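> The primary structure of each chain is shown beneath.
2 protein chains.
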Amino acid sequence: MSVYTVVGDEALANWLSRYHLGSLVESRGIAAGITNTNYFVTTTRGRFVLTLFEDLQLEELPYYLNLMSHLARHGVACPAPIADDSDRFVSLLEGKPACLVTCLEGADITHPSPLQCRKVGEMLAALHKAGSTYPARMDNPRGPSWWSRVSTTLYGYLDADEAASLRAELRFQESQRFLHLPAGVIHADLFRDNVLMKGDDIAGFIDFYYACNDVLLYDVAIAVNDWARRDDGTIDDDLASAFLAGYQSSRPLSSGEIEAWPAMLRAAALRFWVSRLQDYHEPSPGAMTYTKDPGVFRRLAEAHRGRTSFWL
Amino acid sequence: MSVYTVVGDEALANWLSRYHLGSLVESRGIAAGITNTNYFVTTTRGRFVLTLFEDLQLEELPYYLNLMSHLARHGVACPAPIADDSDRFVSLLEGKPACLVTCLEGADITHPSPLQCRKVGEMLAALHKAGSTYPARMDNPRGPSWWSRVSTTLYGYLDADEAASLRAELRFQESQRFLHLPAGVIHADLFRDNVLMKGDDIAGFIDFYYACNDVLLYDVAIAVNDWARRDDGTIDDDLASAFLAGYQSSRPLSSGEIEAWPAMLRAAALRFWVSRLQDYHEPSPGAMTYTKDPGVFRRLAEAHRGRTSFWL
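In order, the protein sequences belong to chains A and B.
Sequential numbering of the first sequence, starting at 1, is according to full-length UniProt numbering.
Sequential numbering of the second sequence, starting at 1, is according to full-length UniProt numbering.
Think of the hints as simulated: they come from the structure by calculation, not from any bench.
Please read these numbers as outputs of a predicted model, since none were measured by experiment.
Treat the hints with care, as some may be off.
[To be verified] DMTMM-like cross-link-like pairs, simulated, lysine to aspartate or glutamate; straight-line CA separation at most 20 Å:
{"hint": "1", "chain 1": "A", "residue 1": "K129", "chain 2": "B", "residue 2": "D87"}
{"hint": "2", "chain 1": "A", "residue 1": "K292", "chain 2": "A", "residue 2": "E302"}
{"hint": "3", "chain 1": "A", "residue 1": "K129", "chain 2": "B", "residue 2": "D85"}
{"hint": "4", "chain 1": "B", "residue 1": "K129", "chain 2": "B", "residue 2": "D214"}
{"hint": "5", "chain 1": "B", "residue 1": "K129", "chain 2": "A", "residue 2": "D85"}
{"hint": "6", "chain 1": "B", "residue 1": "K96", "chain 2": "B", "residue 2": "D139"}
{"hint": "7", "chain 1": "B", "residue 1": "K198", "chain 2": "A", "residue 2": "E59"}
{"hint": "8", "chain 1": "A", "residue 1": "K96", "chain 2": "A", "residue 2": "D9"}
{"hint": "9", "chain 1": "B", "residue 1": "K96", "chain 2": "B", "residue 2": "D214"}
{"hint": "10", "chain 1": "A", "residue 1": "K96", "chain 2": "A", "residue 2": "E59"}
{"hint": "11", "chain 1": "B", "residue 1": "K96", "chain 2": "B", "residue 2": "D108"}
{"hint": "12", "chain 1": "B", "residue 1": "K129", "chain 2": "B", "residue 2": "D139"}
{"hint": "13", "chain 1": "B", "residue 1": "K129", "chain 2": "A", "residue 2": "D87"}
{"hint": "14", "chain 1": "A", "residue 1": "K198", "chain 2": "B", "residue 2": "E105"}
[Unchecked claim] Label pairs and their computed distance ranges (CB to CB):
{"hint": "15", "chain 1": "B", "residue 1": "L58", "chain 2": "A", "residue 2": "S86", "range": "54 to 60 Å"}
{"hint": "16", "chain 1": "A", "residue 1": "D161", "chain 2": "B", "residue 2": "E26", "range": "54 to 60 Å"}
{"hint": "17", "chain 1": "A", "residue 1": "S86", "chain 2": "B", "residue 2": "A160", "range": "54 to 60 Å"}
{"hint": "18", "chain 1": "B", "residue 1": "L115", "chain 2": "A", "residue 2": "Y4", "range": "34 to 40 Å"}
{"hint": "19", "chain 1": "B", "residue 1": "E94", "chain 2": "A", "residue 2": "A168", "range": "56 to 62 Å"}
Even for Gly, the Cβ is constructed at its ideal location relative to N, Cα and C.
This is chain A alone, in the form it adopts within the complex (with noise of 0.2 Å):
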């Protein structure tokens, strides 16, 4: 599913020489990821991940992969990037930028319990302290201004009544002001495919690409949107209350950060719901055709308008 670019044998081995890491053994494509290629690379060293890139360019890579290898080296789960003879972690394979990380063990779960919340939540505070003292910057393309600007052109598509919710949601969000809270590096999409668990353990986090600087509080809202969030949308108090308490465990909320929580539940819906109205109102030519509904964020943005208790 997910490999848009084949990689031939002799090609891949050719471009492993420029690591120090034995010589191919095996590759195999991963049918997961929606943006990028993934393969499995299996050399005389061991088992690595390869992604090559099928939308972000060589020259974005850098605040990604620097930024996975600075969490690695400050023992936050996640893969660490391998530097080829040029020190480099990113270059050009079949005419994709590309990159080698460490593979982790684990896998991701669709149903999480308090405790796997919990251990969730105080990696994510571990991710953000560590990531005080990572140098580079890099804004949030989804931010305010991308979704307002976005909506403008959805709302042809909607009707009525959903037209006036998201009204009704951007208005209020134009009513907050989040500037003052608390602002680091954030992961932007941590839900639960992009967590490997090992049992209780969690072997890492994933697919960095949307991490942006940004108000750390928000990523918490998107993180409990998803990890508490059940089948049917409806957020579990335990669930929600386990993360909460996970990430406080390690990074204790402001006051400030405790009175912005409930709008910036509805921020966070209204990122995914925007987001996944324009993937499948206004699909990019050429993407895949694994639309996910825009319904649940916009179900999940209606209830945190009604939510009177908040898990804190």
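Dock chain B against chain A, hints included.
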């Protein structure tokens, strides 16, 4: 055996709070290693190795720890140091410089197979190649000027036979010139007890605290002198050949290196003959009494003199 400095749980928990590794679960002293204090430290995030340096100073450590980090980043199997919240690998604990590194699985082996020797040779070549982009420099403190100087103080302890043999060996080395050979980062102490193996795979090279910049072939000779040495002190041709074949599969020796190889084997034997004589006859005050037999390397140096075939 190797816990010179006792680390209390409270001091450790406090020191650990500088890291993004969760909270302390337990610590346990490691009864291996001669120079430093080592603990297994388990946190809510996993298991790490804590080292307190008994001799090395805070300002000497970045060379070694940045090197390990550089090598790990290039896929060389070795422990990766963990950075703290100030982005440092080392800081004081109980008044000693201390660091945390990832905990490798595996154990050292006393009787390697040819396949295992081959793999160690391959990985040593990977270390030498990956080291070529490491920017820091450290002269070898155990080079020719060191062994010449130390030997003058040792003759008084030796019987006439050994003194004559040592003098002859030193004179031979004075006639050799190795400075034209490829140089770079070397481990300088890659004995069997400094490699953790998991079956036939290398879990990691450890104990980089003799690493320095020197002639690469010297590192190969130090390793072959140990990995191919039988219990009776003689060299096993199959093990030596396998080690060298593994090394050359990744980094073929130049004609200059092949020419220098017989003399280099003697230089590597001489270095440990001298250091073990020094440990035996002039132990530093307060040192452990776990002194190794200098005769092993005397006999090896003498055997190399008469050797006619060198496994290349």
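> Taking the hints in turn, state whether each one holds.
So, going through the hints one by one against the coordinates:
Restraint check: the Cα-Cα separation between A:K129 and B:D87 comes to about 11 Å, which is no more than 20 Å; the hinted pair holds. Only pairs whose Cα atoms come within 20 Å are accepted, and A:K292 paired with A:E302 is accepted, the gap being roughly 18 Å. Among the hinted pairs, A:K129 with B:D85 is consistent with the structure: their alpha-carbon atoms are about 8 Å apart, no more than 20 Å. A distance of roughly 13 Å separates the Cα atoms of B:K129 and B:D214; the hinted pair therefore holds under the 20 Å criterion.
For a cut-off of 20 Å, the pair hint linking B:K129 to A:D85 stands: about 8 Å separates their Cα positions. With a C-alpha separation of about 24 Å, the suggested pairing of B:K96 with B:D139 is violated against the 20 Å cut-off. Distance restraint check for B:K198 and A:E59: the Cα-Cα separation of roughly 39 Å exceeds the 20 Å cut-off, and the hinted pair is therefore not satisfied. For the hint pairing A:K96 with A:D9, the CA-to-CA distance comes to about 16 Å; that is within 20 Å, so the pair holds.
For the hint pairing B:K96 with B:D214, the CA-to-CA distance comes to about 29 Å; that exceeds 20 Å, so the pair is violated. A C-alpha spacing of about 12 Å is found between A:K96 and A:E59, which places the hinted pair at or below 20 Å, so the restraint holds. The straight-line distance between the Cα atoms of B:K96 and B:D108 is roughly 27 Å, outside the 20 Å bound, and the hint therefore fails. With a C-alpha separation of about 18 Å, the suggested pair B:K129 and B:D139 falls inside the 20 Å cut-off, and the hint holds.
Proposed proximity of B:K129 and A:D87 is supported: the alpha carbons are some 11 Å apart, at most 20 Å. Distance hint between A:K198 and B:E105 is fulfilled; the C-alpha atoms sit about 17 Å from each other, no more than 20 Å. Range check, B:L58 to A:S86: Cβ separation about 32 Å, and the 54 to 60 Å hint is violated. Distance hint check for A:D161 and B:E26: the Cβ-Cβ separation is about 57 Å, which falls inside the suggested range of 54 to 60 Å.
Against the hinted window of 54 to 60 Å, the Cβ-Cβ separation of A:S86 and B:A160 comes to about 56 Å, which satisfies the hint. For B:L115 and A:Y4, the hinted distance range of 34 to 40 Å is satisfied, since their beta carbons lie about 39 Å from each other. Distance hint for B:E94 and A:A168: a CB-CB separation of about 60 Å, consistent with the stated range 56 to 62 Å.
Consistency with the previously given hints fails for numbers 6, 7, 9, 11, 15, ordered from lowest to highest.
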